[in-house]
Amino acid sequence: MSSNQDPRDASLETKFTLPPIWYRETNDGLGTSGMFLSGLIMVTRNRYLAWPSVLFGISTLINQHPLRAKEGSSGAFSNLLLCASALVASYLPMFIINPPKTPIP
Numbered sequence: 000m001s002s003n004q005d006p007r008d009a010s011l012e013t014k015f016t017l018p019p020i021w022y023r024e025t026n027d028g029l030g031t032s033g034m035f036l037s038g039l040i041m042v043t044r045n046r047y048l049a050w051p052s053v054l055f056g057i058s059t060l061i062n063q064h065p066l067r068a069k070e071g072s073s074g075a076f077s078n079l080l081l082c083a084s085a086l087v088a089s090y091l092p093m094f095i096i097n098p099p100k101t102p103i104p
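The numbers in numbering that gives the first Met the number 0 rise by one with no breaks, and the one at position 63 of the sequence shown is 62.
No lab work stands behind these hints: they were computed from the structure.
From the three backbone atoms N, C-alpha and C, an ideal C-beta is built for every residue, glycine too.
There could be a bad hint or two in this list.
The following label-pair restraints were derived from C-beta to C-beta distances [as the list claims (entries may be wrong)]:
1. 96 - 35: 25 to 31 Å
2. 41 - 100: 26 to 32 Å
3. 39 - 61: 40 to 46 Å
4. 76 - 17: 24 to 30 Å
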């Protein structure tokens with residue numbers, strides 16, 4: 000084995016550099032929390048959790064980085080639509096289900 004092909008040679012070391020486009024492997028914490036809260040709202044119909052979920056969706060939309068996102072990742076618009084639909088689903092029974100006008104004997 001020749002000495003110029005030795006991988007342990009200190010003269011062959013190169014400095015570590017990141018690639019020009021760096022993809023994040025982790026998800027956005029607020030986006031994930033907003034989607035989790037949206038699912039929880041649709042199951043429990045809790046109106047008080049709907050507003051923070053919408054704020055998380057707006058925050059995800061504002062803080063998105065399209066150059067750092069992978070192609071298959073869910074977008075911020077779908078997250079915001081899910082949060083808004085959870086808000087509508089939590090308030091919809093107030094307008095559709097009316098109390099009876101006469102007491103039932």
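Hints versus structure:
| no. | hint | result |
| --- | --- | --- |
| 1 | 96 - 35: 25 to 31 Å | holds (27 Å) |
| 2 | 41 - 100: 26 to 32 Å | holds (30 Å) |
| 3 | 39 - 61: 40 to 46 Å | violated (23 Å) |
| 4 | 76 - 17: 24 to 30 Å | holds (29 Å) |
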